[in-house]
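Trainee: Build the full structure now, drawing on both the sequences and the hints.
Chain residues, written in single-letter form:
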Amino acid sequence: MESFTNAIQAVPLNHYILLSAIIFTIGVVGVLLRRNAIIIFMSVELMLNAVNLLLTAFSVYRGDAAGQVFVFFIMALAAAEVAIGLAIIVMIYRNTNSLDINVLNRLKW
Amino acid sequence: MSTFYFIAFLSIFFAILVITARNPVHSILYLVLTFFTFTVHYILLNAQFLAVVNFIVYMGAILVLFLYTLMLMNLNKDNEPMKSNIVKIAAVFGGGCLLVTIVASLKTMAISQPVVLQNPELGLVKNLGKILFNEFLLPFEVSSLLLLSAMVGAVLLATKDKQPKTQPDGKLY
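The listed protein sequences correspond, in order, to chains A and B. Residue numbering for the first sequence follows numbering that gives the first Met the number 0, starting at 0 and increasing by one per position. Residue numbering for the second sequence follows numbering that gives the first Met the number 0, starting at 0 and increasing by one per position.
Please note: incorrect hints may appear among the correct ones.
[Unchecked claim] Simulated restraints, written as ranges between beta carbons of each label pair: (1) A/L17 x B/L155: 36 to 44 Å; (2) B/L71 x A/P11: 39 to 47 Å; (3) A/N101 x B/G128: 43 to 51 Å.
[What the hints assert, rightly or not] Pulled from the structure, derived: some chain A residues nowhere near chain B, Cβ distances all over 10 Å: (4) N48; (5) L103; (6) R105.
[Unchecked claim] Stretches of chain B that chain A covers, calculated by requiring three or more beta carbons in the stretch to come under 8 Å of a beta carbon on chain A: (7) 14 to 26; (8) 53 to 60.
Since the hints were made in silico from the structure, they are not lab data. Don't be surprised by glycine CBs; every beta carbon is placed ideally from N, CA and C.
Mentor: Right, here's the structure in full:
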């Protein structure tokens, strides 16, 4: 573990921000690009994880453990969100027999 | 130092594969690999508690839930109609604009100090537990309520509603 701790000594903070920005952008593009509701949902998870990584990096950078506690809360929230979201997707699939979000463009009917 | 760049490359590579794979099952498996690289990032930052939680909660629970849902729907054939080319180009262009904006705003703050771990005990369970149960006790308890309500909501939503429908002769069946 000591060698790992030494391994991060030289990574600039900007590179962590850059990595998180790229992963977040990939998530945004995934939401815009795909029509399958489950894959859109997975792209949202990707965005959540990018933010988690950035919060952890800032927490280590500032030496403040509150950031990591916050990441823990985000993970609990993500678990709840996934349970509800997948239940909604299952209901949509039962009603329309597909996962294509373009079927749902009229909301009411 | 080069470990970080290698793992970062793998993260980006698998994340791109997640959104480009045609088959949803492959997409979920690539997402598992992406989350595994995130776990390695947490270990590199010496956030051991978060690494374990990420491993168990994300890779163990959430993605298995995704796989089960996909299995229930029996959609593992790649027949998804893709969007038209112009929409694809617009999506990538919009995402690129977002990335350019973030990177440009990053360039204005020129300072880039290396991430140095001052306190090696920062991400360990002992330290985080002390903070979680002192300063963040109320949010911790509230999050348990959130999980309970999410569980009840998921069960309510996903069960088939067997409402008693009235027959033409007015009797319930």
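Trainee: Between A/L17 and B/L155, is the Cβ distance one that fits in 36 to 44 Å?
Mentor: holds (42 Å)
Trainee: Could you check that no beta carbon of chain B comes within 10 Å of the beta carbon of A/N48?
Mentor: violated (6 Å)
Trainee: Beyond 10 Å from every chain B Cβ: check whether that's true for A/R105.
Mentor: holds (18 Å)
Trainee: Would you say the C-beta atoms of A/N101 and B/G128 sit inside 43 to 51 Å of each other?
Mentor: Cβ of A/N101 to Cβ of B/G128: about 47 Å, so the range 43 to 51 Å holds.
Trainee: Please verify the coverage claim for the segment 14 to 26 of chain B: does it have three or more residues whose C-beta sits within 8 Å of some C-beta in chain A?
Mentor: Holds, because 6 residues of the segment 14 to 26 of chain B bring their Cβ atoms closer than 8 Å to Cβ atoms of chain A.
Trainee: Within 39 to 47 Å or not, the Cβ separation of B/L71 and A/P11?
Mentor: At roughly 45 Å between Cβ atoms, A/P11 and B/L71 fall inside 39 to 47 Å, so the hint holds.
Trainee: Please check whether the segment 53 to 60 of chain B has three or more residues whose CB lies within less than 8 Å of a CB on chain A.
Mentor: holds (count 4)
Trainee: Report holds if the minimum CB distance from A/L103 to chain B is greater than 10 Å, and violated otherwise.
Mentor: holds (14 Å)
Figure legend: structure checked against the earlier numbered hints; the only hint not met is number 4.
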